[in-house]
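Those sequence lines, one after another, are chains F and E. So the first sequence is numbered by my numbering: it starts at 69 and just counts up by one. So the second sequence is numbered by my numbering: it starts at 69 and just counts up by one.
Check each hint, because a few of them may be wrong.
For identical chains, the list gives no copy identity; a pair is met inside one copy or between any two copies.
The calculated DSSO-like cross-link candidates involving lysine-lysine, where the alpha carbons are at most 30 Å apart (straight line), are [what the hints assert, rightly or not]:
| no. | residue 1 | residue 2 |
| --- | --- | --- |
| 1 | Lys370 | Lys114 |
| 2 | Lys287 | Lys244 |
| 3 | Lys75 | Lys250 |
| 4 | Lys287 | Lys144 |
| 5 | Lys141 | Lys287 |
| 6 | Lys244 | Lys138 |
| 7 | Lys114 | Lys287 |
| 8 | Lys144 | Lys370 |
| 9 | Lys141 | Lys75 |
| 10 | Lys75 | Lys138 |
| 11 | Lys337 | Lys75 |
| 12 | Lys141 | Lys244 |
| 13 | Lys144 | Lys75 |
| 14 | Lys114 | Lys138 |
| 15 | Lys144 | Lys314 |
| 16 | Lys244 | Lys75 |
| 17 | Lys95 | Lys82 |
| 18 | Lys370 | Lys337 |
| 19 | Lys248 | Lys144 |
| 20 | Lys214 | Lys248 |
| 21 | Lys337 | Lys287 |
| 22 | Lys214 | Lys144 |
| 23 | Lys82 | Lys250 |
| 24 | Lys214 | Lys141 |
Hint data in this document are derived by calculation from the structure and do not stem from the laboratory.
Each chain is listed here by its residues.
2 protein chains.
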Amino acid sequence: MTQQMGKQSLQFEKAPVIVSSASVTGKKEGEGPLGQSFDMVCSSDKFGEDSWEASESAMQKEAAALAMGKASKSPKDIRYVFAGDLLGQTIATSFGLMDYEIPLFGLYGACSTCGEALSLGAMCVAAGYGDYVIAITSSHFASAEKQFRFPVEYANQRPLSATWTVTGSGAFVLGKEGGKAKITGITTGIIIDYGIRDSMNMGAAMAPAAAKLIVQNFKDFGRQPQDYDLIITGDLGYVGQEILWKLVSEQGYDISRNHRDCGIEIFDKEAQGTQSGGSGCGCSAVTLSAHFLPQVESGALKRILFVPTGAMLSQVSFNEGQNVPGTAHGVVIETCV
Amino acid sequence: MTQQMGKQSLQFEKAPVIVSSASVTGKKEGEGPLGQSFDMVCSSDKFGEDSWEASESAMQKEAAALAMGKASKSPKDIRYVFAGDLLGQTIATSFGLMDYEIPLFGLYGACSTCGEALSLGAMCVAAGYGDYVIAITSSHFASAEKQFRFPVEYANQRPLSATWTVTGSGAFVLGKEGGKAKITGITTGIIIDYGIRDSMNMGAAMAPAAAKLIVQNFKDFGRQPQDYDLIITGDLGYVGQEILWKLVSEQGYDISRNHRDCGIEIFDKEAQGTQSGGSGCGCSAVTLSAHFLPQVESGALKRILFVPTGAMLSQVSFNEGQNVPGTAHGVVIETCV
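Let the hints inform the model, and build the full structure from the sequences given.
Given below as structure tokens:
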């Protein structure tokens, strides 16, 4: 039986496996340090569509197709899809996945949605509710800038604390068996408000939630930082990383040696002008799929804690002067090798 | 063990119960046919807040508090909350529930979200992942009009096919035991696009998805319409109801005698000028909580199929000329008496 661990965690006795995964990105991501690892890089960021939103939908559709193909599965083999994106009313997801006709649970956890989708997907498979499910998320630089800040056509300036929303979609097929990596546990996040009001500094808004989630994971599972080969946050960037390390060290833990951030990994800060790093719920998804997961599958990494982070704002909440609270969802992934 | 039934359904062998529920609404809903049944009716629709969005958050907070109170539970007893609303980036939910510090799975299924939340909550309890969870949704007339159509201050005209978004929040505490109604099964929806492009006719956009879900439920469970005392859709309204009956009858089923729609029940069409009926993911939630669930709890209704329906559009997708696809999530609720 699956065990409830501590306040916020579950440990799966029969751990669901990640059967396959796929990553689809835009041009800039393809030019970055991980460019050679992505399954598909689009040369235009438009993916053959007329609008940024439709382009993001096309990415999701493609990522799901690639992940199913790698697992030798077709849509009728997939019992549920757990999916989300950053856009209002998650339109990238509904228009992107509609044609597959797979029962859909639409999710919103801002940039933490990849962690939320993997968590619910793993819970579902572990309980025997489906033999195979898909967890998928996406983000697109242009649709996100338009949604949260300014249309890119305005060419507004970006402060050093700003992150660059990743144009990408990552999809994961989860199942009972047949993969080289497994999800052995999850830690589900609460929403934390540290009073940040700067929509150009998402790292600072999310770092407190990430710190709280990581420390809670240590407590719930009775682990220390060194019990994980890597602790990987989603998109804190350079600014958020510094805050994270400080907040976690105040709780008596040092994660500075084995912490990585997908937003830092995906771009070359200097060469690509991406300021604090990459962000978006496509950022953590494609970086996990293309960069970290293969290392778990090969056994080079034995156990990682994957912690996508999200900033809970909308254009309306921001314009109305609300704070930007953060959240985070933790997924423990271990090698089957 | 829980059984996978047919293409899209689950049957819970140990059915989770609805331990308690609560409904909070605005003034207009309080003046309607169900007004006396709601737990709390606010006289101003502002709930003491400065913005419509914050008012919606306040409703969610209150509904969750009332439901926990009825179940004699406090936030620390609740393992997860499954929650959503209609606003971009689901801000009503994050700001409304933040203070409870309960691990949160944020959901988006448009007006079908109440069915999605009850489904995932029931799956979670049935698998032993939590002793108690909350499923909660909300909508607010003024925040929704601003989000999807025009700010109410514009005083634009409403066609006869338009629905009136319900100002309300409904919360449900689910657990392993201790309630008089139980969730015995679920049918999870896919997204259906019938080519509707009129954001003032949501009933027509959602009816095809509702019809497909209801017929799939009959097939998956091997049931006929008369096996349910009532089949209750979320917010098809008068316009959507007519389409639903027709589409279902084309599949060989007659649901005209035992079909009800929360959007039709909640307002007095003539006296309240609500055109096709009520809508919003608060509509089905408060109508289930205040009107239908008590009848199941008393044994007057033995088994119902609750089918909240959603229209998958955003202001952006609508302005970009996209269709308005629909979805629906089915929840089978039976009396414990």
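We went through each hint and held it up to the structure:
no.: 1; hint: Lys370 with Lys114; in the structure: neither (37 Å within a copy, 53 Å between copies)
no.: 2; hint: Lys287 with Lys244; in the structure: both (28 Å within a copy, 27 Å between copies)
no.: 3; hint: Lys75 with Lys250; in the structure: both (22 Å within a copy, 26 Å between copies)
no.: 4; hint: Lys287 with Lys144; in the structure: between (40 Å within a copy, 17 Å between copies)
no.: 5; hint: Lys141 with Lys287; in the structure: between (38 Å within a copy, 24 Å between copies)
no.: 6; hint: Lys244 with Lys138; in the structure: within (16 Å within a copy, 39 Å between copies)
no.: 7; hint: Lys114 with Lys287; in the structure: neither (44 Å within a copy, 41 Å between copies)
no.: 8; hint: Lys144 with Lys370; in the structure: neither (33 Å within a copy, 34 Å between copies)
no.: 9; hint: Lys141 with Lys75; in the structure: between (36 Å within a copy, 16 Å between copies)
no.: 10; hint: Lys75 with Lys138; in the structure: between (36 Å within a copy, 23 Å between copies)
no.: 11; hint: Lys337 with Lys75; in the structure: neither (37 Å within a copy, 47 Å between copies)
no.: 12; hint: Lys141 with Lys244; in the structure: within (14 Å within a copy, 35 Å between copies)
no.: 13; hint: Lys144 with Lys75; in the structure: between (37 Å within a copy, 9 Å between copies)
no.: 14; hint: Lys114 with Lys138; in the structure: within (24 Å within a copy, 52 Å between copies)
no.: 15; hint: Lys144 with Lys314; in the structure: between (47 Å within a copy, 28 Å between copies)
no.: 16; hint: Lys244 with Lys75; in the structure: both (26 Å within a copy, 19 Å between copies)
no.: 17; hint: Lys95 with Lys82; in the structure: neither (39 Å within a copy, 50 Å between copies)
no.: 18; hint: Lys370 with Lys337; in the structure: within (29 Å within a copy, 62 Å between copies)
no.: 19; hint: Lys248 with Lys144; in the structure: within (23 Å within a copy, 37 Å between copies)
no.: 20; hint: Lys214 with Lys248; in the structure: neither (39 Å within a copy, 48 Å between copies)
no.: 21; hint: Lys337 with Lys287; in the structure: neither (34 Å within a copy, 55 Å between copies)
no.: 22; hint: Lys214 with Lys144; in the structure: neither (35 Å within a copy, 39 Å between copies)
no.: 23; hint: Lys82 with Lys250; in the structure: both (9 Å within a copy, 28 Å between copies)
no.: 24; hint: Lys214 with Lys141; in the structure: neither (35 Å within a copy, 42 Å between copies)
Hint violations for this structure: numbers 1, 7, 8, 11, 17, 20, 21, 22 and 24, all remaining hints satisfied.
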